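Taking this note's numbering, I'd label the letters of the sequence shown as residues 1 to 303.
Each hint should be verified, as a subset may be incorrect.
FRET-style restraints, in silico, Cβ to Cβ [claimed, not checked]:
#1 Val136 with Ser277: 40 to 50 Å
#2 Thr299 with Ser85: 18 to 28 Å
#3 Val177 with Gly86: 34 to 44 Å
#4 Gly286 with Asp110: 17 to 27 Å
Hints in this document: simulated from the structure, not taken from any laboratory. Keep in mind the model is a prediction, meaning the values are calculated, not measured. C-beta atoms are modelled at their ideal positions from N, C-alpha and C, and glycine is treated no differently.
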Amino acid sequence: MTISFASFAVDTAASAKAGANAYSIPHTALNNNVTMPVLGLGVAKLSDEQTEASILAALESGCRLIDTAASYGNEAVVGRAIKASGVPRSELFVTTKLGTSRQGYASTLDACRESIDRLGLDYLDMYLIHWPAPKVGKYLDSWQAMIHAREQGLVRSIGVCNFTEDLLTELIDETSVAPALNQVELHPLFNQERLRRFHAEQRIVTEAHSPLGFGERHIIVRVIDNPTVKAIGAKHDRSPAQVLIRWSLQLGNVVTPRSSRPHRIAENFDVFDFELSDDDMALLNGLHNGTRIHHHPMTFLGT
Numbered sequence: 001m002t003i004s005f006a007s008f009a010v011d012t013a014a015s016a017k018a019g020a021n022a023y024s025i026p027h028t029a030l031n032n033n034v035t036m037p038v039l040g041l042g043v044a045k046l047s048d049e050q051t052e053a054s055i056l057a058a059l060e061s062g063c064r065l066i067d068t069a070a071s072y073g074n075e076a077v078v079g080r081a082i083k084a085s086g087v088p089r090s091e092l093f094v095t096t097k098l099g100t101s102r103q104g105y106a107s108t109l110d111a112c113r114e115s116i117d118r119l120g121l122d123y124l125d126m127y128l129i130h131w132p133a134p135k136v137g138k139y140l141d142s143w144q145a146m147i148h149a150r151e152q153g154l155v156r157s158i159g160v161c162n163f164t165e166d167l168l169t170e171l172i173d174e175t176s177v178a179p180a181l182n183q184v185e186l187h188p189l190f191n192q193e194r195l196r197r198f199h200a201e202q203r204i205v206t207e208a209h210s211p212l213g214f215g216e217r218h219i220i221v222r223v224i225d226n227p228t229v230k231a232i233g234a235k236h237d238r239s240p241a242q243v244l245i246r247w248s249l250q251l252g253n254v255v256t257p258r259s260s261r262p263h264r265i266a267e268n269f270d271v272f273d274f275e276l277s278d279d280d281m282a283l284l285n286g287l288h289n290g291t292r293i294h295h296h297p298m299t300f301l302g303t
């Protein structure tokens with residue numbers, strides 16, 4: 001049986017394989033036939049204590065997708081939390097990311113192995129280029145190394161973050177290998193409609209980071225405080241965060257919200273027993289105004 005979330009099919013049979021506590025979280029099939037949960041936990045900008053507590057709370061709530069990065073400096077903590085949880089490795093989908101300073105063919109392979117070691121794992125489920133950093137000019141070499149890492153069994157799936165349509169096209173044209181996933185800033189104020197259409201054409205899954213807003217570089221946008229989001233939440237007796245997560249899921253995205261509060265984490269995963277109406281979706285889609293709260297991927301040198 002499959003449930004359609006717009007641009008991709010969610011495999012509920014695969015979800016059942018993920019373990020008793022994760023039955024409620026659907027999975028989506030990637031373009032290499034690996035499946036991943038459509039909802040997970042991001043752990044950027046958390047202290048070590050917050051990272052460990054957040055992961056344990058999320059796993060208790062049924063989460064099986066953990067999204068970290070070398071630049072977060074917490075891969076070892078993530079690994080310890082996974083081990084302490086007692087959740088079997090086979091149930092988990094662990095993602096980490098390549099930092100810009102490690103881009104380049106040989107350096108990418110070394111960085112991949114180092115991330116695996118810090119996490120205390122035998123392999124990664126997903127390895128992503130964190131930022132394209134076009135001015136550095138090494139993303140294509142890094143992508144070729146990641147293809148090699150997948151062939152070696154170091155990683156099950158490979159993808160990118162913050163890549164534009166033109167950069168994705170270059171990767172595909174040069175290597176004939178499309179990323180399984182592109183993780184990009186995506187929320188109602190910046191809904192990435194054109195890029196999502198391109199992803200669907202290329203069988204690239206869209207993953208939304210910063211789904212609740214907030215931001216960096218002195219731009220803080222709390223989408224959860226938007227009056228339209230709040231009104232829809234009141235209509236469904238749901239929090240603004242739940243509305244934003246549900247909206248992104250119904251668009252067909254994988255979503256990885258971040259929180260350090262156990263009750264908020266549990267709330268964020270409690271989004272599969274209600275549905276936004278077409279009118280709700282139209283109102284939220286209508287909030288798009290091009291507000292980008294993170295760096296522009298064509299100019300940012302990355303982390």
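Going through the hints against the structure:
A hinted range of 40 to 50 Å holds for the C-beta pair valine 136 and serine 277, which are about 45 Å apart. Between threonine 299 and serine 85, the C-beta spacing of about 39 Å breaks the proposed range 18 to 28 Å. In this structure, valine 177 and glycine 86 meet the distance hint of 34 to 44 Å, their C-beta atoms being roughly 36 Å apart. Checking the proposed 17 to 27 Å range against glycine 286 and aspartate 110 shows it is violated: the Cβ atoms sit about 46 Å from each other.
Going down the numbered hints, you'll see the structure goes against 2, 4, while the others check out.
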